[in-house]
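Trainee: Each chain, written out:
Protein chains: 2
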Amino acid sequence: MCYFTNGFDQTTVAEIAARAGLTERTYFRHFADKREVLFGGAVEFQEHITRAVASAPSGMGPLDAALEGLAAAGALLQPWRSRAVQRNAVVTANVELQERELVKLAGLALAIGGVLRDRGTPDAVARLTGEVAVAAFRTAFDRWVHADADTDLATLVRASRDELEVVTQR
Amino acid sequence: MCYFTNGFDQTTVAEIAARAGLTERTYFRHFADKREVLFGGAVEFQEHITRAVASAPSGMGPLDAALEGLAAAGALLQPWRSRAVQRNAVVTANVELQERELVKLAGLALAIGGVLRDRGTPDAVARLTGEVAVAAFRTAFDRWVHADADTDLATLVRASRDELEVVTQR
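These protein sequences, in sequence, are chains A and B. The opening position of the first sequence corresponds to residue 545 in this note's numbering, with each subsequent residue numbered one higher. The opening position of the second sequence corresponds to residue 545 in this note's numbering, with each subsequent residue numbered one higher.
Worth flagging that the hints you see were computed from the coordinates, not collected in a lab. One or more of the hints may lead you astray.
[Stated by the list, open to error] List of simulated lysine-lysine pairs, BS3-like, C-alpha gap at most 27 Å:
{"id": "1", "chain 1": "B", "residue 1": "K578", "chain 2": "A", "residue 2": "K648"}
{"id": "2", "chain 1": "A", "residue 1": "K648", "chain 2": "A", "residue 2": "K578"}
{"id": "3", "chain 1": "A", "residue 1": "K578", "chain 2": "B", "residue 2": "K648"}
{"id": "4", "chain 1": "B", "residue 1": "K648", "chain 2": "A", "residue 2": "K648"}
{"id": "5", "chain 1": "B", "residue 1": "K578", "chain 2": "A", "residue 2": "K578"}
{"id": "6", "chain 1": "B", "residue 1": "K578", "chain 2": "B", "residue 2": "K648"}
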């Protein structure tokens with residue numbers, strides 16, 4: 545599949561809908577606006593992650609649990625790498641898509657923080673851990689889309705654990 | 545000053561411009577769109593931070609230097625707390641303003657990462673440190689706008705240093 549041959553801005557919702565075999569009206573039953581077509585799996589993606597965080601071993605610390613959840617997301621994305629690379633190029637080229645992406649990631653950080661709180665982490669630490677883990681995921685993801693095709697996203701996410709320790713070392 | 549008595553969505557650019565003593569045309573010479581009026585000082589804000597990061601003592605580690613820069617931003621915002629609280633309420637109530645805010649903060653994280661790289665921090669660590677420091681600033685800022693009027697933002701930003709160490713502890 546080729547993403548927006550004429551660019552996202554130049555493509556109408558009618559064209560996007562037609563390619564998906566939908567009418568424009570049906571499109572808007574599924575997606576709130578034009579941008580949402582690029583975030584179709586965002587709810588399931590977030591649920592997959594929060595479930596993985598929630599089911600991390602109870603002895604596991606909050607950051608490790610959060611990164612395990614995000615590594616699970618990495619395993620989910622791995623078979624779709626070439627799609628993810630294409631999609632990333634579309635999002636990177638359009639500031640409104642970047643904005644939407646950042647909102648989704650901010651929501652993901654909040655959701656992870658919520659699960660950590662449910663696991664017994666104090667509120668302030670839980671929130672900050674959610675933010676830090678998603679920041680680590682973003683940098684891992686960015687490396688992944690620019691690396692060789694056989695680079696493993698889950699491995700990059702787990703490797704950020706050591707980097708975070710380096711970052712906070714005094 | 546009272547922010548958008550009728551809500552941001554219900555206020556036109558003509559009204560915003562009029563209140564600032566500008567024509568709509570002059571408004572658009574200063575701001576790219578309606579949302580930008582709430583991000584008027586963003587460039588100076590970012591420059592203030594990156595300058596402070598750049599001038600942190602050379603022996604200071606990257607995260608401490610980044611947080612010093614953000615604490616300097618805290619000192620800049622402190623006298624404007626009630627304005628910041630009002631502005632935060634406007635941004636929080638509007639998803640498009642949240643999006644714009646997240647883009648500015650993502651740009652700030654990148655800029656801090658760039659300064660850290662210039663200070664000799666390896667690229668990967670520099671980028672992640674920028675992201676982590678801005679995540680810490682966001683949580684500190686959020687506490688600040690919800691705390692007593694005499695709570696000091698710079699102190700909250702510096703206090704996040706210890707929290708980040710707790711977060712990454714094994």
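Trainee: Give a verdict on every hint.
Mentor: Verification of the supplied hints:
At most 27 Å may separate the alpha-carbon atoms for a hinted pair to count; K578/B and K648/A meet this at roughly 23 Å. The hinted pair formed by K648/A and K578/A meets the criterion: a straight-line CA distance of about 15 Å does not exceed 27 Å. A hinted pair counts as satisfied when its Cα atoms are at most 27 Å apart, and K578/A with K648/B qualifies at roughly 23 Å. At roughly 16 Å between alpha-carbon atoms, K648/B and K648/A fall within 27 Å of each other, so this suggested pair holds.
Among the hinted pairs, K578/B with K578/A is consistent with the structure: their alpha-carbon atoms are about 21 Å apart, no more than 27 Å. Under the criterion of a C-alpha separation no larger than 27 Å, the hint pairing K578/B with K648/B is consistent with the structure, at around 15 Å.
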